[in-house]
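Engineer: From first to last, the protein sequence lines stand for chains D and H. Taking the working numbering, the leading residue of the first sequence gets 1, the next gets one more, and so forth. Taking the working numbering, the leading residue of the second sequence gets 1001, the next gets one more, and so forth.
Just so you know, the hints here were simulated from the structure itself, not pulled from any lab data. Since this is a predicted model, take the numbers as computed values, not measurements. Mixed in with the good hints, there may be bad ones.
As the list claims (entries may be wrong) - Below are the DSSO-like pairs computed for lysine-lysine, each with C-alpha atoms no more than 27 Å apart in a straight line:
1. Lys95(D) / Lys1072(H)
2. Lys28(D) / Lys1095(H)
3. Lys103(D) / Lys1018(H)
4. Lys68(D) / Lys2(D)
5. Lys1103(H) / Lys1068(H)
6. Lys1028(H) / Lys2(D)
7. Lys1002(H) / Lys28(D)
8. Lys1072(H) / Lys68(D)
9. Lys1072(H) / Lys72(D)
10. Lys1103(H) / Lys28(D)
11. Lys1095(H) / Lys1002(H)
12. Lys18(D) / Lys95(D)
13. Lys1018(H) / Lys1028(H)
14. Lys72(D) / Lys18(D)
15. Lys1002(H) / Lys103(D)
16. Lys1103(H) / Lys18(D)
17. Lys1095(H) / Lys18(D)
18. Lys1018(H) / Lys1072(H)
19. Lys1068(H) / Lys68(D)
20. Lys1103(H) / Lys1072(H)
21. Lys18(D) / Lys2(D)
22. Lys1002(H) / Lys1103(H)
23. Lys95(D) / Lys1028(H)
24. Lys1018(H) / Lys72(D)
25. Lys103(D) / Lys68(D)
26. Lys1018(H) / Lys1068(H)
27. Lys18(D) / Lys1072(H)
28. Lys72(D) / Lys2(D)
29. Lys28(D) / Lys72(D)
2 protein chains.
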Amino acid sequence: MKILGIEHIGIAVESLDKSAPFWREVLKISHRTTETVESEGVVTDIFDTGSGKVELLSALSEDSPVGKFLAKRGPGIHHICLQVDDIRSAIVELKAAGVELVKDEPSVGAEGYLVVFVHPRSAGGVLVELAERR
Amino acid sequence: MKILGIEHIGIAVESLDKSAPFWREVLKISHRTTETVESEGVVTDIFDTGSGKVELLSALSEDSPVGKFLAKRGPGIHHICLQVDDIRSAIVELKAAGVELVKDEPSVGAEGYLVVFVHPRSAGGVLVELAERR
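With the rest of the complex left out, here is chain D (with noise of 0.2 Å):
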């Protein structure tokens, strides 16, 4: 497993209508994309530092994982990304070390990348979420 760098942070919003503008027109970050990825329960609103990208994330349903952090803890940072080389080997090494996924297996993200989620309890309180390019 080799870690290419921060591929986005992902923030969960109340409204996306609400939220984008601070990152659109204030900060006057490109935006990318809007996409709805189903197997997450979010629509995802893309925007693209040039160097790591802002995922602002609404929840479709009051019981998908964001919709449960916003019910939680409120809207702000929900995870971090961290591109990797082959995900598959990035499984295999966490599981030997001992590190707790909250799926063994990858699924497809936002933007086609293959992805996998660190449990917060073995990353000190962070969700981590792993990804492929493809």
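Got chain D; can you put chain H on it based on the hints?
Structural biologist: Same frame as chain D, but now just chain H:
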């Protein structure tokens, strides 16, 4: 103001000794430096992914910003930092846009960057640091 990229993600930790091994030994992200930033009341362990850094933040006292965060929310992602070309023009633009800053003047952060923090009230619950490399 031009955003140049994600400079780092700041993560509040109870103990650098307990939290650093995940980033250093499991993810094998290169350790760059350990620095005390008196102005922010933290000791920070800085890891460089090659594209954006991870800064683990240990509070110097319970009444420091990170100490208060840990007491309220526990360990986890504390802030994101975006690199800007010019911190002073950023401050002027943000104030003109009605954005609330934690302090209106830049201070010297880790690695000598000039930094300012946008209040989470103005950024959808996210503490956003802007930093100019000198």
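Engineer: Any of the earlier hints contradicted here, and which numbers?
Structural biologist: Violated hints (numbers, rising): 1, 4, 12, 15, 21, 28, 29; every other hint is consistent with the structure.
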